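Asks: Going line by line, the protein sequences match chains B and F.
The end of the first sequence is residue 113 by my numbering, with every number in the run present.
The end of the second sequence is residue 157 by my numbering, with every number in the run present.
Hints are computed from structural coordinates only; laboratory data are not their basis.
Accuracy of the hints is not assured; some may be wrong.
[Stated by the list, open to error] Facing chain F, according to a computed beta carbon distance under 8 Å, are these residues of chain B, among others:
no.	residue
1	MET1
2	ARG2
3	ALA4
4	HIS7
5	ALA14
6	VAL15
7	ALA19
8	ALA20
9	TYR22
10	MET49
11	TRP51
12	LEU96
13	ALA102
14	ILE104
15	VAL106
[What the hints assert, rightly or not] Stretch by stretch, here's where chain F covers chain B in the computed footprint (C-beta under 8 Å, at least three residues):
no.	segment
16	24-31
17	68-77
Keep in mind the model is a prediction, meaning the values are calculated, not measured.
Each residue gets a CB set at the ideal place from its N, CA and C atoms; glycine is no exception.
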Amino acid sequence: MRRADLHILSLALAVIVYAAVYVWNPPGPKYYPLLHDWAWQGPAGQPGMGWYARFAYAALAAGLAWGVAWAVLRRAALAERPAENLLVWTLSAAALGALAVAGICVIAEQFGN
Amino acid sequence: MIFLESWSKPLLFLHLLAAVAATATSWHLLVRFVIKVRGRRGLLRLVRLHALILLIAYSAAFLLGAIIYPTFRVRVRHEYLDQAVPLATALFEVKEHLAALMLPVVLLLFVQSRVLHFRDPEDRRYIPLFFCLVCVIAGVLSFNAWCGWWLSSLRSL
Numbered sequence: 001m002r003r004a005d006l007h008i009l010s011l012a013l014a015v016i017v018y019a020a021v022y023v024w025n026p027p028g029p030k031y032y033p034l035l036h037d038w039a040w041q042g043p044a045g046q047p048g049m050g051w052y053a054r055f056a057y058a059a060l061a062a063g064l065a066w067g068v069a070w071a072v073l074r075r076a077a078l079a080e081r082p083a084e085n086l087l088v089w090t091l092s093a094a095a096l097g098a099l100a101v102a103g104i105c106v107i108a109e110q111f112g113n
Numbered sequence: 001m002i003f004l005e006s007w008s009k010p011l012l013f014l015h016l017l018a019a020v021a022a023t024a025t026s027w028h029l030l031v032r033f034v035i036k037v038r039g040r041r042g043l044l045r046l047v048r049l050h051a052l053i054l055l056i057a058y059s060a061a062f063l064l065g066a067i068i069y070p071t072f073r074v075r076v077r078h079e080y081l082d083q084a085v086p087l088a089t090a091l092f093e094v095k096e097h098l099a100a101l102m103l104p105v106v107l108l109l110f111v112q113s114r115v116l117h118f119r120d121p122e123d124r125r126y127i128p129l130f131f132c133l134v135c136v137i138a139g140v141l142s143f144n145a146w147c148g149w150w151l152s153s154l155r156s157l
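Let's have the full structure, built from the sequences with the hints guiding it.
Replies: Below, the structure is given as structure tokens:
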């Protein structure tokens with residue numbers, strides 16, 4: 001695997017993990033702008049913002065996935081051979097597919113409410 | 001008083017400037033990339049330059065949007081849109097989620113533009129991925145630009 005493959009494939013994997021965690025939307029703290037405070041469960045009627053935690057979770061998971069993929073693929077990169085076509089095509093298609101599914105999910109999430 | 005509420009108008013203007021730059025650059029990048037891979041007069045350095053500008057402009061628009069979001073959440077969405085135009089609330093949320101989903105994509109495009117030369121047969125395997133990602137970015141940014149304009153026409157900060 002070449003250095004270029006290492007950079008792109010590890011980031012493509014991070015994109016997949018990022019999209020998956022973003023859609024999963026694990027429970028997290030919300031920011032309450034009128035109270036200037038963060039809370040898991042704020043007072044009723046107060047507008048809360050869960051987006052910051054959702055983005056932070058996705059970014060953290062993507063960072064971890066990128067780090068692990070980098071460490072695993074780096075050994076192959078030392079050999080300086082091109083990545084297998086199957087790996088390139090699979091990860092490319094998976095990254096695009098994950099983005100498409102995530103896009104559909106967030107649209108359905110809003111218009112389904 | 002909400003966090004940075006008194007600065008929300010100038011910050012919104014900067015958000016608009018960065019978003020316009022990112023949208024325009026995404027279409028430029030698409031055109032430059034197509035010219036480059038078709039082997040015409042396209043120059044790799046222009047593809048790289050547009051990918052760099054896209055990364056900077058998109059990151060700036062994203063950061064500024066995140067900073068003014070609390071003011072929008074209360075003054076526009078909570079006090080007006082949620083009751084009067086629920087469709088606008090849903091569209092705003094879609095815009096924000098799509099913008100967040102595109103952030104690592106912009107980074108991936110930038111990295112690809114730096115490490116690939118697109119003439120090497122090994123590099124050409126990444127052309128479909130790069131092309132699709134640029135199309136997705138340009139489409140999402142164009143939708144978000146329209147959405148931002150429409151929401152501002154209803155009620156702004």
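Asks: If a hint holds in the structure, say so; if it does not, say that too.
Replies: Against the structure, the hints:
no. : hint   : in the structure
1   : MET1   : violated (10 Å)
2   : ARG2   : holds (7 Å)
3   : ALA4   : holds (4 Å)
4   : HIS7   : holds (5 Å)
5   : ALA14  : holds (6 Å)
6   : VAL15  : holds (5 Å)
7   : ALA19  : holds (6 Å)
8   : ALA20  : violated (11 Å)
9   : TYR22  : holds (6 Å)
10  : MET49  : holds (6 Å)
11  : TRP51  : holds (6 Å)
12  : LEU96  : holds (5 Å)
13  : ALA102 : holds (5 Å)
14  : ILE104 : violated (11 Å)
15  : VAL106 : holds (4 Å)
16  : 24-31  : violated (count 1)
17  : 68-77  : violated (count 0)
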